[in-house]
Amino acid sequence: MEEGEGDFFDGLPEGFLAEALALTSPRDACRLSSTNSVFRSAADWDSLWQSFLPPEYLPEVVVADGDGGHHSKKSLYLRICDHPLIIDQGNKSFSLDKGSGKKCYMLAARHLSISRADSPNCWRWTSIAESRFPEVIELITVCLLEVNGTINTSILSPNTTYAAYLVFKTTPKAYGFEYQPVEVSIGRHGDKCETRMAYLDPEAGLRRRLQPRRRIGLFSRGPFANYAVVPPSKEIGPKPRPDGWLEIKIGEYLNEQGDETELEMSVMEVKGGNWKSGLIIQGIEIRPKDFMQDRKKPTTEE
46 MEEGEGDFFD GLPEGFLAEA LALTSPRDAC RLSSTNSVFR SAADWDSLWQ SFLPPEYLPE
106 VVVADGDGGH HSKKSLYLRI CDHPLIIDQG NKSFSLDKGS GKKCYMLAAR HLSISRADSP
166 NCWRWTSIAE SRFPEVIELI TVCLLEVNGT INTSILSPNT TYAAYLVFKT TPKAYGFEYQ
226 PVEVSIGRHG DKCETRMAYL DPEAGLRRRL QPRRRIGLFS RGPFANYAVV PPSKEIGPKP
286 RPDGWLEIKI GEYLNEQGDE TELEMSVMEV KGGNWKSGLI IQGIEIRPKD FMQDRKKPTT
346 EE
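In our numbering, the protein residues as written are 46 to 347.
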């Protein structure tokens, strides 16, 4: 900051500066607070951080805070960024991107449409400590994998490019995903969606260098099956998350101002004909493309 600028800002009311900062983003507000003592004081105003908090979830955030709403609005904002709030009877989680204040959601496995999820021979519902939701779903064995999720775009932040991710783990005895990719897609309801390939197996890159043995029909059950190997140029594998899970990118969607439609996301493998097992699905996360990924333990809605 040039000489003389500090004196100019020193003469402005803190409330005026807080209102000006509310027109920026949380990231910009924090950056400006480091340039001048007046900005630093204005950046702590409750009215500023109130503007970054979603009014539709504020009561749940106050309850989850456990202090009767006596904490500052800034601390409430940071809490909802770091501790996703469980909403919709445990079917979704909600949080904010710390840098932009944009809305983030995860659809729990219970909120997804999973083919044969009601068959105990194919899938089982279970609880694990690492999940933010009460239940996850574990794949026992299926030949055809179909996972679909929907979210209404009206609850997303407008004029924001979102990315959707399948969030999952694999068990030590998982098989069927080593060579055969899944098809992922995202798009508005009724529109034709472009599909792309992704791999769920974290070690698929190493295993795809080997030639799998060919087996036919029901004898393809197990780790050796008749796989169709995708060329390396199209390979997209899972990436580790800070919370210990894995994720594959399903795709991106630009949510424009006033957009209100059902956004559909899918993960499918129905062409390989091989049996699959050992996949644990937590859900599908929808978050801004430029996301500051730093997640802590979720908070349950009371």
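Treat the hints as calculated values from the structure; they're not laboratory data. Keep in mind that a hint or two might mislead.
Label-pair restraints from in silico Cβ distances [as the list claims (entries may be wrong)]:
1) Thr-186 / Arg-233: 14 to 22 Å
2) Asp-304 / Gly-60: 33 to 41 Å
3) Asp-163 / Asp-127: 31 to 39 Å
4) Gly-282 / Ser-172: 40 to 48 Å
5) Leu-123 / Gly-60: 33 to 41 Å
6) Arg-169 / Thr-306: 15 to 23 Å
7) Gly-60 / Asp-127: 26 to 34 Å
8) Thr-171 / Arg-85: 16 to 24 Å
Cut-off 27 Å, straight-line C-alpha distance, at most; resulting in silico cross-link-like pairs (DSSO-like, lysine-lysine) [said to hold, decoys possible]:
9) Lys-119 / Lys-334
10) Lys-214 / Lys-143
11) Lys-294 / Lys-218
12) Lys-334 / Lys-237
13) Lys-334 / Lys-284
14) Lys-334 / Lys-294
15) Lys-294 / Lys-118
16) Lys-214 / Lys-118
17) Lys-316 / Lys-218
18) Lys-237 / Lys-218
19) Lys-143 / Lys-237
20) Lys-143 / Lys-294
21) Lys-284 / Lys-294
22) Lys-218 / Lys-143
Just so you know, even glycine gets a beta-carbon here, dropped at the ideal spot from N, CA and C.
Here is how each hint holds up against the structure:
1. Thr-186 / Arg-233: 14 to 22 Å: At roughly 34 Å between Cβ atoms, Arg-233 and Thr-186 fall outside 14 to 22 Å, so the hint is violated.
2. Asp-304 / Gly-60: 33 to 41 Å: Holds, since Asp-304 and Gly-60 (Cβ atoms, about 34 Å apart) stay within the stated range.
3. Asp-163 / Asp-127: 31 to 39 Å: 35 Å, holds
4. Gly-282 / Ser-172: 40 to 48 Å: Violated, at about 28 Å.
5. Leu-123 / Gly-60: 33 to 41 Å: 22 Å, violated
6. Arg-169 / Thr-306: 15 to 23 Å: 34 Å, violated
7. Gly-60 / Asp-127: 26 to 34 Å: This hint holds: roughly 28 Å between Cβ atoms.
8. Thr-171 / Arg-85: 16 to 24 Å: 48 Å, violated
9. Lys-119 / Lys-334: Holds, because 24 Å separates the two Cα atoms, which is no more than 27 Å.
10. Lys-214 / Lys-143: With a Cα-Cα distance of about 26 Å, the restraint between Lys-214 and Lys-143 holds, given a limit of 27 Å.
11. Lys-294 / Lys-218: The hint holds at about 24 Å.
12. Lys-334 / Lys-237: At roughly 22 Å apart (the allowed maximum being 27 Å), Lys-237 and Lys-334 satisfy the hint.
13. Lys-334 / Lys-284: 15 Å, holds
14. Lys-334 / Lys-294: Measuring from Cα to Cα gives roughly 11 Å; hence the hint holds.
15. Lys-294 / Lys-118: Violated, at about 33 Å.
16. Lys-214 / Lys-118: 35 Å, violated
17. Lys-316 / Lys-218: At roughly 22 Å apart (the allowed maximum being 27 Å), Lys-218 and Lys-316 satisfy the hint.
18. Lys-237 / Lys-218: 36 Å, violated
19. Lys-143 / Lys-237: Given pair Lys-143, Lys-237 is violated - Cα atoms ~33 Å apart, limit 27 Å.
20. Lys-143 / Lys-294: At roughly 21 Å apart (the allowed maximum being 27 Å), Lys-294 and Lys-143 satisfy the hint.
21. Lys-284 / Lys-294: 9 Å, holds
22. Lys-218 / Lys-143: Distance ~37 Å between Lys-218 and Lys-143 Cα, so the pair is violated.
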